[in-house]
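Student: One-letter residues, chain by chain:
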Amino acid sequence: MPFPTVHEPKDESKKCIQPEDEMRRNHMKYILHERDETMHEGIRGEPEGLSNCIDCHVEPGDNGEIAGIESKEHFCNACHQYAAVQIDCFQCHADRPQKYIKRDEHSSSLHQQLQQTLAASETSAKGVNQ
Amino acid sequence: MKKSENTTDTTATNASRRDFLAKAAVVGTVTIAPGVLLHQAARAATAEVEVEVVEVIELDAEPDKNTSRSTRPLDQEVSDKNRWGMLIDTNKCARGCTSCVDACNEANGLEGKTGPQDTQYIRKVTLKSKSTGHETSLPLMCQHCESAPCVDVCPTGASFIRADGIALVDRHICIGCRYCMMACPYKARSFVHEDIKNQKLSAPRGKGTVEACNLCVTRVDHGGLPACVEACTAENHNAMIFGDLKDPNSPISIELRKYGGKQLRSDLALNTGVRYQGLNE
Amino acid sequence: MSKIEYTSVQGKSPAYFGLLGTLGLFILAGLLAAYYMEHHGHHVTGMTNQIVWGLPHVFAIFLIVSASGALNVASIASVFSKKIYEPMARLSALLAVSLLAGGLVVLLLDLGRPDRLIIAMTHYNFKSIFAWNIILYSGFFVFVGAYLWTMMDHTVYGYKKYAGFFAFIWRLILTTGTGAIFGFLVARSTYDAAILAPMFVIMSFAYGLAIFILLLMATYKWTNMELGDAVLRRLRSLLGVFVAAVMYFTIVFHLTNIYETQHHGAEKFILLEGGIYTTVFWIGEIIIGGILPLLMIFAPGLKDNRNSLGLISAMVILGGLSKVYVTVIGGQAYPLEIFPGYEVSSSFYDGMTYSYSPSLPEFLLGLGGVAVALFLVVFALKALKFLPMSLSDKAVDPHAK
Numbered sequence: 115m116p117f118p119t120v121h122e123p124k125d126e127s128k129k130c131i132q133p134e135d136e137m138r139r140n141h142m143k144y145i146l147h148e149r150d151e152t153m154h155e156g157i158r159g160e161p162e163g164l165s166n167c168i169d170c171h172v173e174p175g176d177n178g179e180i181a182g183i184e185s186k187e188h189f190c191n192a193c194h195q196y197a198a199v200q201i202d203c204f205q206c207h208a209d210r211p212q213k214y215i216k217r218d219e220h221s222s223s224l225h226q227q228l229q230q231t232l233a234a235s236e237t238s239a240k241g242v243n244q
Numbered sequence: 624m625k626k627s628e629n630t631t632d633t634t635a636t637n638a639s640r641r642d643f644l645a646k647a648a649v650v651g652t653v654t655i656a657p658g659v660l661l662h663q664a665a666r667a668a669t670a671e672v673e674v675e676v677v678e679v680i681e682l683d684a685e686p687d688k689n690t691s692r693s694t695r696p697l698d699q700e701v702s703d704k705n706r707w708g709m710l711i712d713t714n715k716c717a718r719g720c721t722s723c724v725d726a727c728n729e730a731n732g733l734e735g736k737t738g739p740q741d742t743q744y745i746r747k748v749t750l751k752s753k754s755t756g757h758e759t760s761l762p763l764m765c766q767h768c769e770s771a772p773c774v775d776v777c778p779t780g781a782s783f784i785r786a787d788g789i790a791l792v793d794r795h796i797c798i799g800c801r802y803c804m805m806a807c808p809y810k811a812r813s814f815v816h817e818d819i820k821n822q823k824l825s826a827p828r829g830k831g832t833v834e835a836c837n838l839c840v841t842r843v844d845h846g847g848l849p850a851c852v853e854a855c856t857a858e859n860h861n862a863m864i865f866g867d868l869k870d871p872n873s874p875i876s877i878e879l880r881k882y883g884g885k886q887l888r889s890d891l892a893l894n895t896g897v898r899y900q901g902l903n904e
Numbered sequence: 032m033s034k035i036e037y038t039s040v041q042g043k044s045p046a047y048f049g050l051l052g053t054l055g056l057f058i059l060a061g062l063l064a065a066y067y068m069e070h071h072g073h074h075v076t077g078m079t080n081q082i083v084w085g086l087p088h089v090f091a092i093f094l095i096v097s098a099s100g101a102l103n104v105a106s107i108a109s110v111f112s113k114k115i116y117e118p119m120a121r122l123s124a125l126l127a128v129s130l131l132a133g134g135l136v137v138l139l140l141d142l143g144r145p146d147r148l149i150i151a152m153t154h155y156n157f158k159s160i161f162a163w164n165i166i167l168y169s170g171f172f173v174f175v176g177a178y179l180w181t182m183m184d185h186t187v188y189g190y191k192k193y194a195g196f197f198a199f200i201w202r203l204i205l206t207t208g209t210g211a212i213f214g215f216l217v218a219r220s221t222y223d224a225a226i227l228a229p230m231f232v233i234m235s236f237a238y239g240l241a242i243f244i245l246l247l248m249a250t251y252k253w254t255n256m257e258l259g260d261a262v263l264r265r266l267r268s269l270l271g272v273f274v275a276a277v278m279y280f281t282i283v284f285h286l287t288n289i290y291e292t293q294h295h296g297a298e299k300f301i302l303l304e305g306g307i308y309t310t311v312f313w314i315g316e317i318i319i320g321g322i323l324p325l326l327m328i329f330a331p332g333l334k335d336n337r338n339s340l341g342l343i344s345a346m347v348i349l350g351g352l353s354k355v356y357v358t359v360i361g362g363q364a365y366p367l368e369i370f371p372g373y374e375v376s377s378s379f380y381d382g383m384t385y386s387y388s389p390s391l392p393e394f395l396l397g398l399g400g401v402a403v404a405l406f407l408v409v410f411a412l413k414a415l416k417f418l419p420m421s422l423s424d425k426a427v428d429p430h431a432k
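Protein chains in written order, with this note's numbering: chain A, 115 to 244; chain B, 624 to 904; chain C, 32 to 432.
In case anyone wonders, no lab produced these hints; they're calculated from the structure.
One should not assume that every hint holds.
[As the list claims (entries may be wrong)] Calculated pairs, PhoX-like style, for lysine-lysine (alpha carbon to alpha carbon, straight line, at most 20 Å):
no. : chain 1 : residue 1 : chain 2 : residue 2
1   : C       : Lys158    : C       : Lys34
2   : C       : Lys299    : B       : Lys753
3   : B       : Lys736    : B       : Lys753
4   : B       : Lys820    : A       : Lys213
5   : A       : Lys129    : A       : Lys143
6   : C       : Lys43     : C       : Lys113
7   : A       : Lys216    : B       : Lys823
8   : B       : Lys820    : A       : Lys186
9   : A       : Lys124    : A       : Lys213
10  : A       : Lys213    : B       : Lys823
11  : B       : Lys753    : B       : Lys885
12  : B       : Lys704    : B       : Lys820
13  : C       : Lys252    : C       : Lys43
14  : B       : Lys885    : A       : Lys216
15  : A       : Lys216    : B       : Lys704
[Unchecked claim] Derived list of chain B stretches under chain C, where covered just means 3 residues or more per stretch with a C-beta under 8 Å from a C-beta of chain C:
no. : region
16  : 740-749
17  : 794-804
18  : 881-887
The structure presented is a predicted model; accordingly, all values stated were derived computationally and were not measured.
Here a beta-carbon is modelled for each residue, glycine too, at the ideal position from N, C-alpha and C.
Assemble the whole structure, with the sequences as input and the hints as a guide.
Tutor: Pasting the structure below:
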């Protein structure tokens, strides 16, 4: 397996929070610490947050597309696949910055659907209740 | 009273929502003074958002009741000095209106499907009194109990109440046993039955774990309102008030002190953070 | 009474390997089902946000409850010094740990995130009954394991009485804990009753003994060893007492709910209007699991009839599965009463009776758990000496006719 090419942020003025060596070895400790602080103590916006990593390191490729977490072009997956270490983060967390998240437009159709459900359940309310 | 309609794209980011709110508040204060009969529509165009102040006909225009917000600097941990809660006036909740549900789905990246396996953080419930025939509608979501049964039963401690009263699921340590769903008296929780893609950055969620209304904790921490409350206010229904239950001067506390508010399943003595008014049989 | 000689099964016959192989296939099917469920998510099961615990939990809870009851025979021998049960104590303890292992496998593989099982050990909420149960289950393995050791190793034989006593106490606590999983759920009017905990204990006595009787009869038949009527007569009347006790608790439980107005809705649902759950309750739990076995156990004409005892045990097991089904799934199918006095409707199925149709993977996972339990027993019978050479009337009881 070829050694992964690690994606450097295009904006070269950006500096990582710690030297590369440190981050390569211990990035999970920073993320884990930040995770528990955010989850339980509500501390937000610290530089060690996962979304911060993603903001710098996940950028569209030359074709303008973001490589998703399942791709080995994805910054995290490139190394993790190489090192055969499973990442659990992205089963829940977004694998790209918010501005690149494409969501289906469902609001209006959803609205209608809910209205219908409500109307239907109201008319049938008598029948199903004890 | 601020009567405003958000005509911006509903997918606006949190940042621009906050901008919008700030500007709307300014417009509201300038245009409307309490106790004055107003028949006018003021339009205020700004560079980013367009704010329309629609006709206001009440004699005693109410002040904005959603002024109680988090002012905690984000680098300090939450404390039990605050307890965030909600007061819902079912008389103001319009039947057939699902703005709160839509806003919740949008804010949390839910697909809004309503199958038996699909997640719903908030739902509109229609009630009809068996004895009087009186009909009511209300939004129902996690009640953010002080003594929450979900927290009691959770084997790993993934279900917890944050110091400021918000019930959360730490999905990093949730093993998906669903005991909390068995224990919740309000059926407030959902289990994620399949893989999820395109989560919102601010609303992570994934297969095999349990989730529920988190009072839009990220928005609240940033000094904002839960999406449902914001939507209800924007819709001009004003059925939902958000605020600090421990601050005696917060509009929600004043309102509760004046008129009271019912806890659902109050027999269980859970001290819920969400209270209801107008639930009279 | 002479010293008891123990033996293991030879385990060289095609039938033995056929049995192991068949059980192995069921285990494999269960594992594949679990993998399928985890890979696709619980989307592929019949479980929903309304019926959050389904068929796997029915199997798991039945197995776990039975596990504790399977220890009965050993407890009666060691704790209550009834000599006639003494030779069967080893088999009884073996069945107990095996059933527990089978039940736990099902419970764990049904988790939304079974890969995070380790978290259940590292993060602990001491107020959670589930968390207590983790300790209770682990403790059960330890105590019954130690008990087995004292029974099988003559150097520690002197501690048998103590080990047996602790195992006995522990299993009472364990089943109390299992019952409390439901009994302490204040939110649901179909549960929320302290009597569920002792009822689970007495259920465990009946189901565990029924399984033990079937295992005993099958083993002695297939190994051509002697099994006398004296032993079976005792086990038969003991089963009768346990089944009657389960009926008693069931009646008290439902009478309480019938008396209390706030539980009328839930009670009416289970007893009269619950469709499938009402059917399973009356046919499965009451008739097949209670009335018929009692009639047959105490019918004079069937006294030493082994086929009837086999049938009775099978009926008690079926009735037990029915009871757990009605408790677990019927209990969830009845809507939560969030707004008493109101007719309720919503997009989230409030106020409606929830429907549940179990899927094949769930069923296979449940059967897989049963297969794990039986596989362990069948394997252990060959590996170590669990079986008394003879359970003939003469061997077990010098006073037998």
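Student: Decide, hint by hint, whether the structure agrees.
Tutor: So, going through the hints one by one against the coordinates:
Of the supplied pair hints, the one linking Lys158(C) and Lys34(C) is violated, its CA atoms being roughly 48 Å apart against a limit of 20 Å. With a C-alpha separation of about 18 Å, the suggested pair Lys299(C) and Lys753(B) falls inside the 20 Å cut-off, and the hint holds. For the given pair, Lys736(B) sits about 30 Å from Lys753(B) by alpha-carbon distance, which is inconsistent with the 20 Å threshold. Proximity of Lys820(B) to Lys213(A) is assessed by CA-CA distance (about 15 Å); at most 20 Å being required, the pair is judged to hold.
Straight-line distance between C-alpha atoms of Lys129(A) and Lys143(A) comes to about 19 Å, which keeps the hinted pair within the 20 Å bound. Under the criterion of a C-alpha separation no larger than 20 Å, the hint pairing Lys43(C) with Lys113(C) is inconsistent with the structure, at around 34 Å. A threshold of 20 Å between alpha carbons decides the hint, and for Lys216(A) with Lys823(B) the separation of about 9 Å falls inside it, so the pair holds. As the CA atoms of Lys820(B) and Lys186(A) are separated by approximately 18 Å, the hinted pair is consistent with the 20 Å bound.
Pair hint Lys124(A) plus Lys213(A) holds up; C-alpha atoms about 17 Å apart against a cutoff of 20 Å. For the given pair, Lys213(A) sits about 10 Å from Lys823(B) by alpha-carbon distance, which is consistent with the 20 Å threshold. Restraint check for Lys753(B) and Lys885(B): the C-alpha separation of about 19 Å stays at or below 20 Å, so the hint holds. Note on Lys704(B) and Lys820(B): the hinted pairing is violated, with a Cα-Cα distance of about 37 Å set against a maximum of 20 Å.
At most 20 Å may separate the alpha-carbon atoms for a hinted pair to count; Lys252(C) and Lys43(C) meet this at roughly 16 Å. For the given pair, Lys885(B) sits about 41 Å from Lys216(A) by alpha-carbon distance, which is inconsistent with the 20 Å threshold. The suggested pairing of Lys216(A) with Lys704(B) is violated, with an alpha-carbon distance near 39 Å, which exceeds 20 Å. Figure legend: the region 740-749 of chain B, annotated as covered by chain C; annotation consistent (8 residues with Cβ-Cβ distances under 8 Å, at least 3 required).
Remark: the region 794-804 of chain B is confirmed as covered by chain C, as 8 of its residues place a Cβ nearer than 8 Å to a Cβ of that chain, reaching the required three. Proximity of the region 881-887 of chain B to chain C, defined as three or more residues with a beta carbon under 8 Å from a beta carbon of that chain, is not established by the 1 residues found.
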